[in-house]
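Asker: Listed below are the residues making up each chain.
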Amino acid sequence: MHIADQLLQLLFTGLTLGSIYSLIALALVTTFNITGILNLAQGEFVALGALLAVSMYAAGMPMAAAFTVSVLLVAMLGGFLERFAIHTARGASGLTLIIITIGLSISLRGLALLIWGTETYSLPAFSKGGPLFIGGAAVNPQSLWIFGLTAITLAGLYAFFELTYWGKAVKASVINRAAARLVGINPHTVSFLAFTASGALGAAAGIFIAPITMTTYDMGFMLGLKGFVAAVIGGLSNVGGAVLGGILLGILESYSAGLISSGLKDAIAIIILLAVLLIRPEGIIGAIRERKI
Amino acid sequence: MLRIQALDVYHGYVQAIRGLSLHAKEGELLAILGANGAGKSTLLETLAGLHRPAKGDILLNGKSIAGKPPEYLVRQGISLVPERREIFHSLSVWDNLLLGAFHRYRHAKQEIHSDAREILEIFPALKGREREMAGTLSGGLQQMLAIGRGLMARPKLLLLDEPSVGLAPMVVREIMATLARLKNTGVTIILVEQNTRSALRVADSVLIMERGRITFSGSSGEIMADSTVQQAYLGRRVRPAMAL
Chain A
1 MHIADQLLQL LFTGLTLGSI YSLIALALVT TFNITGILNL AQGEFVALGA
51 LLAVSMYAAG MPMAAAFTVS VLLVAMLGGF LERFAIHTAR GASGLTLIII
101 TIGLSISLRG LALLIWGTET YSLPAFSKGG PLFIGGAAVN PQSLWIFGLT
151 AITLAGLYAF FELTYWGKAV KASVINRAAA RLVGINPHTV SFLAFTASGA
201 LGAAAGIFIA PITMTTYDMG FMLGLKGFVA AVIGGLSNVG GAVLGGILLG
251 ILESYSAGLI SSGLKDAIAI IILLAVLLIR PEGIIGAIRE RKI
Chain B
1 MLRIQALDVY HGYVQAIRGL SLHAKEGELL AILGANGAGK STLLETLAGL
51 HRPAKGDILL NGKSIAGKPP EYLVRQGISL VPERREIFHS LSVWDNLLLG
101 AFHRYRHAKQ EIHSDAREIL EIFPALKGRE REMAGTLSGG LQQMLAIGRG
151 LMARPKLLLL DEPSVGLAPM VVREIMATLA RLKNTGVTII LVEQNTRSAL
201 RVADSVLIME RGRITFSGSS GEIMADSTVQ QAYLGRRVRP AMAL
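From first to last, the protein sequence lines are chains A and B. Residues 1 to 293 in my numbering are what the first sequence spells out, letter by letter. Residues 1 to 244 in my numbering are what the second sequence spells out, letter by letter.
So here's chain B without its partners, still in its complex pose:
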C-alpha cells in the first residue's frame, strides 16, 4: 500500500530523515516510536506533502507521490492529524468536520453530512457541541475533533502525530480503541507516539527511529516480549499490555 524508498529529508541544512525505507500493508497499524528529534513528525509531514524529499521515493499503491502538495495528497487518500491538532479555532465543531471532507464536497454534499454525524457517533463526547467554536473545546475534545476531521476525508492512509499528547488516560484509551476499529475497516494507519504502551497495544508492527534512521523494525509482539529490545531501543521496559 505504502512504500518508502531511501528517503532523505532536510530542514534547511539539517538532515532530518536519512535513507529511510519502509513498507506498510493495507489495514496495517504501524507505530513509529523514538525520542524527540528522531524525525518521526518530519516523516509524517513529508508523507502528507508538507516537506519535499531531497532524495528517495514514496509510492502509494505503486504511484509515486513524493513532493506532491498536501491538497493533492488528500485527494489520493492521505490524511494527516498533526501533533498540534491544527483545528480551525474560530469555526464551529460541525464546520471543522465538514471541511475535513473538502476534497469530495462537490460530489457528495449529502454524504458528508451523514459522515459527520457518524464521526459524532465515534466520538460521542463531541455530540451536543456541534455549534461550539472549536477553540473553546478542551484539549481532549480538540484531539477527537482533529482525528474526526482527519477521518472525514475517508483516508486510505491515516497519519497520526502524537494523538495522546496532553490527554487523560481514559481519552487515550478511547482514541486507541477507535484506531483499532478503524484499521479493521482496511484503513492503513501510521501512528507516531511517545506513549509507547498505548501504541504497542494497538500496533501490528513497530518501527523505532533514531536521528532520522530506523534502528528497529518488527512486530509489536516482538517488542513486548523482549525486554532487552525495549531497554536497547526505548531505554526502558514497557509494562505488559492491558486489554482494550
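In isolation and in its complexed conformation, chain A is listed as follows:
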C-alpha cells in the first residue's frame, strides 16, 4: 500500500476510535462539570451497554430495539448508582466520591464477569456490505455508522444545552452551582440527570464499537481510561475539548500503532496522559478554549 493511502487508512481508523473516545470523554466531563465527581465507572457503562445489546440481539431482538433497550437500561443503572452510591455520600470529600466510583467500577466488572463470563462476544455490523473506498483507504461501513451516530449524539447534546430551558438550567449548574441553587435548580436532580445521561452515552459508545472490537466483560477498563485521557487532553472541564481530545487520541493511537508498533496502541494513551499531566495539566485544548459546554 502506498504511504499516503496507508496514512489515510490509519486516519479513518483513528477517527473511528476517536469518536468512541469522544463520547466516553464527553460523559466524563459532563458529569465532572455538573457534580465535581470524576466517575471512574464510566468505562463499565460502555461494557455493559455492549454486552446487554449482544445478549438481546442474540435473544432475537432487532438491532434497533436491542440498542434502545440497552441504552435505556444502562441509563437507568447510571441514575440508580447516583441515588444509591453518590447521593447517599453527599457531603463526603471529592477523594471519597472518586473512591466510591472505583468501587462501583470493580463491582460492575465483577457483575459482568458473573453474567457473561470471560468469553468474547461480538455484534454484527449495523449494515451489510463491503468496505467503501475513499481515496486509497478502505472504510468499514461500521466506521461510517460510528461517525454518523456520534455526530447525531453530539448535535443532540448541543441542541439540548443550547436550545432547551432544561439544558440551560443544567448549564447554569455547571457555570455556578450556588447561583443555580438560588434560582431553585436542585443540584441533586441535576446530578441524577448527569449520571443517567452518562450511562446512556457510555452504553451508546459501547454498542457503536461492539461490531468492530472484542466485546468482553472487562473491555470497559481500557475504554474508560482512554476516555479519561481524552478528557484530560481537553482540560477535563471543557466539553468541546473532550470531543477534540478524543479524536486526537484516536488518531495518535492509530498512527503510533500503524507506523511504529501495534504494541503502542494502548501504551500511547498512558504516555499522552503522563505528558499532559506533567507539561500542561490544564489540558492542551482546555488551555486554548476556556469556554465550558
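Just to be clear, a hint being listed does not mean it is correct.
Claimed, not checked - If you anchor each label on the Cβ, the simulated ranges turn out as follows:
(1) 160/A with 130/B: 55 to 65 Å
(2) 36/A with 64/B: 26 to 36 Å
(3) 106/B with 36/A: 37 to 47 Å
(4) 226/B with 87/A: 46 to 56 Å
Said to hold, decoys possible - Beyond 10 Å from chain B on every Cβ pair, some chain A residues (computed):
(5) 221
(6) 279
(7) 280
Think of the hints as simulated: they come from the structure by calculation, not from any bench. None of these values were measured; they are calculated from a predicted model. All C-beta atoms, glycine included, are put in the ideal place defined by N, C-alpha and C.
Given chain A's structure and the hints, the job is docking chain B onto it.
Answerer: Chain B alone, transformed into the frame defined by chain A:
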C-alpha cells in the same frame, strides 16, 4: 411576614450571628447597616438557605424555614440577590432572566416570557442586550440583571446584599427607586447596604449590626433625625435625604 428568633449561625468555629431576632412586615423595606464583618451578609445567606443555623428559628408567614435548602426557599418566595451578583456569565441576559423563574417554569412558560419583558421595562438599560453574554455587561448592568433575575422569581421576600457596590450614583438611584416601587406592590425587602444614605432614603426601618448582634433598631426617620445615633452606631453623620 418574616420573624427571626434568637438565631445563632457559625462559619466553622466562628460565630457570625449571635442570638439575633427581628421581625419584618409585608411590604416593608428593612435596611441592615453595619461595618464589614458584622454578619449582615451571613444573615441574608442564612435566610436564603446557604447556611444552616445552629440555634433559633426563622418563620416565614408562621412556617419554620430554618435550615431548608435554597431551592426549597425559592419556591416559598424567598429570593436572594447576592453581593457578588452570581449571574451566569456564559449565558445570555435573556436566559439569565428566564432561569430566575426556574421554580415556576413548568406551570407558567408563557408567563415568564412576559415577566422577563417587564423586567426589561424596569431596567431599560438591559433592553437590546438580551442576546449578549451576561459576563460581557458592565458592573452596573450586571447588577441590574442580578436584581432582575431575583425579581423573576416573583418573591414575597427579596433579599439584596450590597446592590450599590461599585455602581455609579445614577445607577444606584435607579435601583433604589425600583426598590421603592417594588415594596409598594407588597414585596418585603431586606436590604444590606454600605451606602447608608441611599439605604436610608428608601428604608422604612433600619437595623444596625455589630459583631453578629443588632445594636440599633428603629425607623429610618429616627436615624436621619438624630445625629447622636448616627455618630454612635454608624461612626459618621448622614447627610439629609434627597428626593428620589
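Asker: Work down the list of hints and note, for each, if the structure agrees.
Answerer: Here's how the hints hold up against the structure:
no.: 1; hint: 160/A with 130/B: 55 to 65 Å; verdict: violated, 21 Å
no.: 2; hint: 36/A with 64/B: 26 to 36 Å; verdict: holds, 31 Å
no.: 3; hint: 106/B with 36/A: 37 to 47 Å; verdict: violated, 27 Å
no.: 4; hint: 226/B with 87/A: 46 to 56 Å; verdict: holds, 54 Å
no.: 5; hint: 221; verdict: holds, 35 Å
no.: 6; hint: 279; verdict: holds, 28 Å
no.: 7; hint: 280; verdict: holds, 23 Å
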